[in-house]
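Modelling step: build the complete structure from the supplied sequences, incorporating the hints.
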Amino acid sequence: MTLSTYLGFGLLTLSMVALDIWQTRGGNISIKKATAWSLLWFLIAFIFAASIYFFWDVYAPASSYSAEKATVSFITGYLLEKSLSVDNLFVFAIIFHQYLVPEHLRPRALLWGVIGALVLRAIMIAVGAQLLAQYHWILYVFALFLIWTGVQLARDKGEDEVNPLPEKLIRKWANVTDDFRGNALMVVEQGKRVLTPMAIVIGVIAFMDVMFALDSIPAIFAVTQEPFLVLAANVFALLGLRSLYFVLQGMMDKFIYLKPALSFIMIFIGIKMMLVGSPWEIPTPLSLAVLLITMSIAVVASVVKQKRLVSEVEVSIDK
Numbered sequence: 001m002t003l004s005t006y007l008g009f010g011l012l013t014l015s016m017v018a019l020d021i022w023q024t025r026g027g028n029i030s031i032k033k034a035t036a037w038s039l040l041w042f043l044i045a046f047i048f049a050a051s052i053y054f055f056w057d058v059y060a061p062a063s064s065y066s067a068e069k070a071t072v073s074f075i076t077g078y079l080l081e082k083s084l085s086v087d088n089l090f091v092f093a094i095i096f097h098q099y100l101v102p103e104h105l106r107p108r109a110l111l112w113g114v115i116g117a118l119v120l121r122a123i124m125i126a127v128g129a130q131l132l133a134q135y136h137w138i139l140y141v142f143a144l145f146l147i148w149t150g151v152q153l154a155r156d157k158g159e160d161e162v163n164p165l166p167e168k169l170i171r172k173w174a175n176v177t178d179d180f181r182g183n184a185l186m187v188v189e190q191g192k193r194v195l196t197p198m199a200i201v202i203g204v205i206a207f208m209d210v211m212f213a214l215d216s217i218p219a220i221f222a223v224t225q226e227p228f229l230v231l232a233a234n235v236f237a238l239l240g241l242r243s244l245y246f247v248l249q250g251m252m253d254k255f256i257y258l259k260p261a262l263s264f265i266m267i268f269i270g271i272k273m274m275l276v277g278s279p280w281e282i283p284t285p286l287s288l289a290v291l292l293i294t295m296s297i298a299v300v301a302s303v304v305k306q307k308r309l310v311s312e313v314e315v316s317i318d319k
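If you're matching positions, the sequence shown starts at 1 in this note's numbering and goes up one per residue.
No lab work stands behind these hints: they were computed from the structure. Just so you know, not all the hints are guaranteed correct.
Here are the simulated PhoX-like pairs of lysine-lysine, each with C-alpha atoms no more than 25 angstroms apart in a straight line [stated by the list, open to error]:
id	residue 1	residue 2
1	K254	K305
2	K254	K307
3	K33	K254
Below, the structure is given as structure tokens:
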């Protein structure tokens with residue numbers, strides 16, 4: 001991968017972040033607007049996938065990947081990261097509830113959280129790619145970690161609050177106001193600069209995203225070990241996350257089969273990673289099919305279950 005490719009993609013990322021800032025100006029985001037932008041982010045991601053297919057020789061002239069393999073790897077990685085990031089949305093909802101974040105301030109909190117996550121994930125991807133290039137056995141460590149994480153996720157009963165560590169660290173080293181001051185992260189009180197609760201919320205969002213990235217980044221390395229594709233898939237998955245949150249907020253408790261689906265995907269990807277380089281290696285197109293089928297079944301089953309529960313409630317009320 002050439003330096004110009006990374007620089008060009010960096011400029012593209014900055015442009016998309018600027019677009020995301022522009023589309024959330026004004027604070028509150030309606031479900032209709034969030035849905036339209038979520039679809040647009042999906043469209044942009046697949047337009048980029050098409051550009052990989054047609055211009056892969058320009059993007060990565062020295063890559064061993066064919067244009068077809070690179071395209072399928074990006075799409076699979078993107079959908080994998082998108083699926084795993086849905087779990088982040090549940091945590092975002094908990095954070096906003098725990099810190100009593102006003103509705104009109106949530107878009108900006110998510111924006112700064114996503115920007116922080118982009119930077120931190122880029123660093124983690126660079127480190128992960130370097131480790132894999134030097135120590136192939138780390139692939140198996142990642143695989144075992146993913147399988148273990150999938151099992152733990154299946155056993156998870158859910159938590160009603162997030163890790164307090166970021167808040168403790170911030171409050172230890174800085175004074176924090178008692179209330180929000182609009183979108184401001186820092187204000188001046190009595191001649192001293194102090195942080196606002198918004199700074200804590202953003203810190204917690206970024207911290208929790210890194211915790212999720214410890215799962216999702218090893219997972220995507222099972223799909224492709226091409227650093228540029230890993231980075232691009234993460235960027236596009238994160239950029240659409242804010243709009244997706246506002247589409248799904250209020251409905252998140254209805255996706256009751258999401259965690260079992262994500263658990264299965266994590267275990268499957270862990271097994272795929274274990275088999276890399278063996279005669280039983282799982283091809284990427286098959287991984288893409290498993291991902292799509294699993295998430296589709298989870299969504300449909302959740303909708304059917306919710307309708308059944310509603311019907312049972314209506315029957316009990318009639319009685």
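Taking the hints in turn, this is what the structure says about them:
1. Under the criterion of a C-alpha separation no larger than 25 angstroms, the hint pairing K254 with K305 is consistent with the structure, at around 9 angstroms.
2. For the hint pairing K254 with K307, the CA-to-CA distance comes to about 10 angstroms; that is within 25 angstroms, so the pair holds.
3. Our distance criterion of 25 angstroms between C-alpha atoms is met by K33 and K254, whose separation comes to about 22 angstroms.
Comparing the model with each earlier hint shows no violations; every hint is respected.
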